Amino acid sequence: MLSTRLSNLVAGAALGALLAAAPTYAHHSFAAEFDASKPLSLRGVVTKVELINPHSWITVDVKDATGKTVSWMVEGGSPNVLFKSGVTKASVPIGSELVIDGYQARDGSNRMVGRNISFADGRPLFFAGSKPDAAPAQQ
Amino acid sequence: MHAARARTAARLWLAVAATFALGAGAAGAQPAPKAIVAKRTAAGKPDISGVWEALSAAYWNLEDHAATFGPVAALGAQGAVPPGIGVVKGQIPYLPAALAQRDENYKNRLAADPEVKCYLPGVPRATYMPQPFQILQTDTDIVIAYQYASGLRTIFMKEHSEAPVDSWMGWSNGRWEGDVLVVDVTGQIGQSWLDRAGNYATASLHVVERYIPQGPDHIWYEATLEDPAVFSRPWTISLPLYRHVEPNAQLLEFKCEEFAEEVLYGHLRKKGIPPPVH
Amino acid sequence: MDIFARKAFRRRCIEAPRGTHGACHGRPLARACAAAALLCLLAATGAAAAERAKLPRTSDGQPDLQGYWTNNTVVPLQRPAAYAGRAELSEDEARARVAKALEPTEAEAGTDADVHYQLTDYGLDITQRKLNIDRRTALITDPPDGRLPAPRPEAAAQAKERADFARAHAFDGPETRPLGERCLVWPHQGPPIMPTGYNSNLEIRQAPGFVVIITEMLPDPRVVPLDNRPHIPSGVKQWLGDSRGHWDGDTLVIETTNYSGRTQVPGTPQGLLLTPAARVVERIDRTGPDTLRYRFTVEDPNLWDRPWSAEYPLTRIDGMRFEYACQEGNYGMTNTLSGARVADRAAADKGAAR
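Read top to bottom, the protein sequences are chains C, H and L. Numbering of the first sequence is given in the numbering used here, commencing with residue -11 and proceeding in unit increments. Numbering of the second sequence is given in the numbering used here, commencing with residue 13 and proceeding in unit increments. Numbering of the third sequence is given in the numbering used here, commencing with residue 214 and proceeding in unit increments.
Extracted from the complex, chain C is given alone in its bound form:
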């Protein structure tokens, strides 16, 4: 009985998904922090990279419509899996140009959640739907 119940499997590759029936916990709603009605697209130059928890933050300098430079903070995910795949503090060099889509902070400050972030040359920031430790599904 035990051996049939506890068979282990490595998940096969697939595209991004949200957890379905598994026990989940929404530790905090991003919708409380950021505004779905304030979508943003930015192009900026990296000035600071914080690969921290609970969420990573990248600070970029963005030229606004008048040509003035404005600093924006972009929120991302926990970086702990990234480190396991060889990402280091050097992976997003200061001075890199990034293209960022997301939603602005509710309080109107220069903060946003980064829905999509990539380097200006099109390279994904870390992974883009690919698995850091791909392995074939096995019973």
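These are calculated hints, taken from the structure and not from any lab test. Take the hints with a grain of salt, since some may be wrong.
Claimed, not checked - When the alpha-carbon atoms are kept at most 30 Å apart in a straight line, the in silico DSBU-like pairs for lysine-lysine are as follows:
id, chain 1, residue 1, chain 2, residue 2
1, H, K283, L, K373
2, H, K46, H, K57
3, H, K57, C, K36
4, H, K283, C, K26
5, L, K373, L, K450
6, C, K72, L, K313
7, C, K77, C, K36
8, L, K343, C, K72
9, H, K267, L, K450
10, L, K450, H, K129
11, H, K267, C, K77
Being a predicted model, the structure only gives us computed values, none of them experimental.
The hints should help you fit chains H and L onto chain C, whose structure is shown.
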């Protein structure tokens, strides 16, 4: 044979104690003592496992200092700073600009000390916090759990590598040099302080710790700090660590995050909602 | 022979002499039967000893549970109504369940669901990690219907009051935010430890006389003594309780008491906080070179009239646990409350304008 060994150990301990008695006025002035090992692990290394704590005013100020006012007048004598002979010999060798920053830190210590916000203290501050920590020696590595803010470090003893990213408690590679545990700590995030007096270092801090067993219930602890961004040369702190000898000594919980909430977020509380009374 | 086969062999061997009909009756055959039973027992002991010898051990003889493990799963805590009466799915159904969980779902732009970073960009998505799959319909093993026992009426009423209050005052201040957002405890730390949305991993270390369990979120070290010392007095309550462990054969048994009354087991009704009378027993044993079995029983006479139990597998994963300094990086709390205050002012202005 057993009695002879005990006599030798006693004589060695007396000699070490005498060395300390001569240098009593200037902690850190005497050379590091020789290891005195009471117990060994299955692998033959000194067994320094257990619950330990420093008994020192270093957590207030690493340097020589008289008793003085604390940062909160309303706490009166309860919040005042107890006196201490420095655990560093003389003054910390700051570069001029860094000394100015240290003095600025001191002026703003109530608002700026990361400890007030329940932030992890880093190394070596975690060692001389006024709360115990527990050393656990596994077959491969050494784990140190700290009561303050449920802090934790793994000292890698078998496989040494470099920190992929900076962290609050740093990256610790350790080895035994004879009977002394030597730990190389790098990769600290540089936002901790070294004490409550504003002494600090940056992310380029490199710490070498030495845990020197001194019989069953004492460890002599030294830490050499090197940070070219802040200090003109490396400098060393030294102090004893004492074993908690009460039966069943264990770490309790000091999850201080909520104690810091009023300080961190009080200004964002909804209008008309008072802070909770404790 | 793997651990399961050895266990089965031992059971059959010990049972056989007794189960033999007729052959062991009557004096002339008694000594022969006794000898056969003894041989079987010796063989069984030998098999058990071989089994114990194969199980890696620490230098102080503890079965070695050390490593970096994940409890990722698609099995819910409670059995869904669709599977009432069924403890297990068929292989096909189980595969289909996993496939469904791994299906991509795209949130509609401009909706709250879209206000999020891409999990896949950070390797946090369910499709990017090792998944423990078991065919069971629920993690709960007892009650046998796979559902939580009904809470006591007073406890349920109190839970509802707390949940209603939390909803009405959700953004008043830090005290009314969820514990995880406050960086106090991640509810899935427990004990009992429960699978969570991502970084659902834990590290186990062992030293002579101790087991140390560290969940990735949050990495509060649970230092569990194995020396039969008593619990700390009931006057000292703790978020993670107070744990005491011992080895029962090759199973690590950990008993935890001294709960603070401020936490609840994820998956139980919102607001149903464990009381200081709670007692949780965890059982961890090694089921293979890269797998552990984690079982737990929760008992709280103030909440339920009976204990309930659950179980799940853990699989070894590559890499290591990195620091999770939650308090230090908690921009989110500031941003969330700040946004709420802006919303308050906007609502007030609207009200004033009328």
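Hint by hint, work out which the structure violates, then give me just those numbers in ascending order.
3
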